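S.K.: One letter stands for each residue in the lines below.
2 protein chains.
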Amino acid sequence: MPNPTAAILIIGDEILSGRTREGNAYFLAGRLAEHGIDCREIRVIADDHAGIIAAVQDLAGRFDHLLTSGGIGPTHDDITADAVAEAMGVGLDVRDDARAILAAHYAARDAEFTPARLRMARIPDGAVLIDNPVSAAPGFSCGNVHVMAGVPKIFQAMVEGLLPRLTGGTALITRNWEVRLPESSVADVLREIAGRHPALSIGSYPFEKQGAYGTNLVLRGADLSEVETALGEVQAAFPEAS
Amino acid sequence: MPNPTAAILIIGDEILSGRTREGNAYFLAGRLAEHGIDCREIRVIADDHAGIIAAVQDLAGRFDHLLTSGGIGPTHDDITADAVAEAMGVGLDVRDDARAILAAHYAARDAEFTPARLRMARIPDGAVLIDNPVSAAPGFSCGNVHVMAGVPKIFQAMVEGLLPRLTGGTALITRNWEVRLPESSVADVLREIAGRHPALSIGSYPFEKQGAYGTNLVLRGADLSEVETALGEVQAAFPEAS
Chain A
1 MPNPTAAILI IGDEILSGRT REGNAYFLAG RLAEHGIDCR EIRVIADDHA GIIAAVQDLA
61 GRFDHLLTSG GIGPTHDDIT ADAVAEAMGV GLDVRDDARA ILAAHYAARD AEFTPARLRM
121 ARIPDGAVLI DNPVSAAPGF SCGNVHVMAG VPKIFQAMVE GLLPRLTGGT ALITRNWEVR
181 LPESSVADVL REIAGRHPAL SIGSYPFEKQ GAYGTNLVLR GADLSEVETA LGEVQAAFPE
241 AS
Chain B
1 MPNPTAAILI IGDEILSGRT REGNAYFLAG RLAEHGIDCR EIRVIADDHA GIIAAVQDLA
61 GRFDHLLTSG GIGPTHDDIT ADAVAEAMGV GLDVRDDARA ILAAHYAARD AEFTPARLRM
121 ARIPDGAVLI DNPVSAAPGF SCGNVHVMAG VPKIFQAMVE GLLPRLTGGT ALITRNWEVR
181 LPESSVADVL REIAGRHPAL SIGSYPFEKQ GAYGTNLVLR GADLSEVETA LGEVQAAFPE
241 AS
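These protein sequences, in sequence, are chains A and B. Reminder that position 185 of the first sequence reads as 185 in full-length UniProt numbering, one-by-one numbering, no gaps. Reminder that position 33 of the second sequence reads as 33 in full-length UniProt numbering, one-by-one numbering, no gaps.
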């Protein structure tokens, strides 16, 4: 059975303007791979209601899961919950369990439970909450759309809470082999090896270290013995000293 | 006149698997902002022919420019040029000027000009070459699609060669103000200020430093005096010592 598929949607003007270097997608892509879920696409879009709806409908329709980051805080530019509810065709309102979580959080800190903070208890109808052990305000799963916060520490905690609920597949086996040759010197042999192993993903990633060019050859697949066989062929063609 | 718009398309399995942390989009988003081109979307997709065609047609159709990174090297998994040519409905073949650039590069290094290397001279019909001062193999602009290499050092050099050719607009003016309050404490006032300045983009970005929560308030707009006015309102509402 093929692995489940997923897309990641990052919502936030601050990434598109180059102000912030995104890290949540990198973290999540690695965790999905370990969990046996194939991440097929990552998208970064602006805090725009119509744009979020279009992206959610497109990606949630094409993949088994859509995981989002950003836009569920208390401020006027936090519009993800509204857009996801509309994209999925369900209502959105303050929900008692989410309100209770926030009320307890602020009461324990002698902080006022303001209308802005109450906004974070607005949850699409029928959604399942995603626990936020860092700052209480929950994420949620609405159908196959999993909505999480953008602050990295909170996002990562939510991902760890969510993943056990998602059925995983086979984590791909990865082997790599670094050669001190430019990519163009390994291309022909690599093409032959890839042709003999169509079930594997064989990639070549050129790098440059202290002015010398090299290539990292990466073999990935679900079957350990085939990955190891192909690795042996790569190693025979390009011994370490090359 | 509104600024030109752009999308960034990153092509590469190694990002989706979480193996590599993408940095080219971050670099390019910042450079586009400085050049007065509004980056509206960033997308990361796999090395898949049909997937690249669909993404190129979607993004090049919706935005003034599409800038891509990755998949134009010499190996079997470098399929971007073929897919872009097909997406744009033009042919693709080895082109004399591109071949001459590569031939001179390899001749100067006493290196063989192999069939794999010749692949990098395959250019869509009618495209304009993008100079590669690092390793010779050129990128290209095919209509409004600008195709560049994935190796960061080469990508950055190609971006610097390309940008002067693209008409820019007004670089947005950005001011920010950091407050030592959680986002939920600034939300109500910020919403009022944003309501008074609909032409501005006013964002709030929560952070955590050594266990204390704070929020970075970012005001962006094309009109300096309006940005400064709104900044004054933000500073009055949240003096530095708050």
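Hints are supplied without guarantee of correctness; some may be wrong.
As the list claims (entries may be wrong) - From the structure, some residues in chain A lie toward chain B, with a derived Cβ separation under 10 Å: (1) G18; (2) I130; (3) S185.
Calculated directly from the structure, the hints in this document are not laboratory data. As the structure is a prediction and not an experimental result, all values here were calculated from the model. By construction, the Cβ of each residue, glycine as well, lies at the ideal position given by its N, Cα and C atoms.
S.K.: Run every hint past the structure and note whether it holds.
M.R.: Hints and how they fare:
1. For A/G18, the interface hint holds, since its Cβ comes within 10 Å of a Cβ in chain B; the closest pair sits about 3 Å apart.
2. Here the hint on A/I130 is broken, as its CB sits about 18 Å from the closest CB of chain B, past 10 Å.
3. With a least beta-carbon distance of about 8 Å to chain B, the hint placing A/S185 at the interface is held under the 10 Å criterion.
In this structure, only the earlier hint numbered 2 is contradicted, and the remaining ones agree with it.
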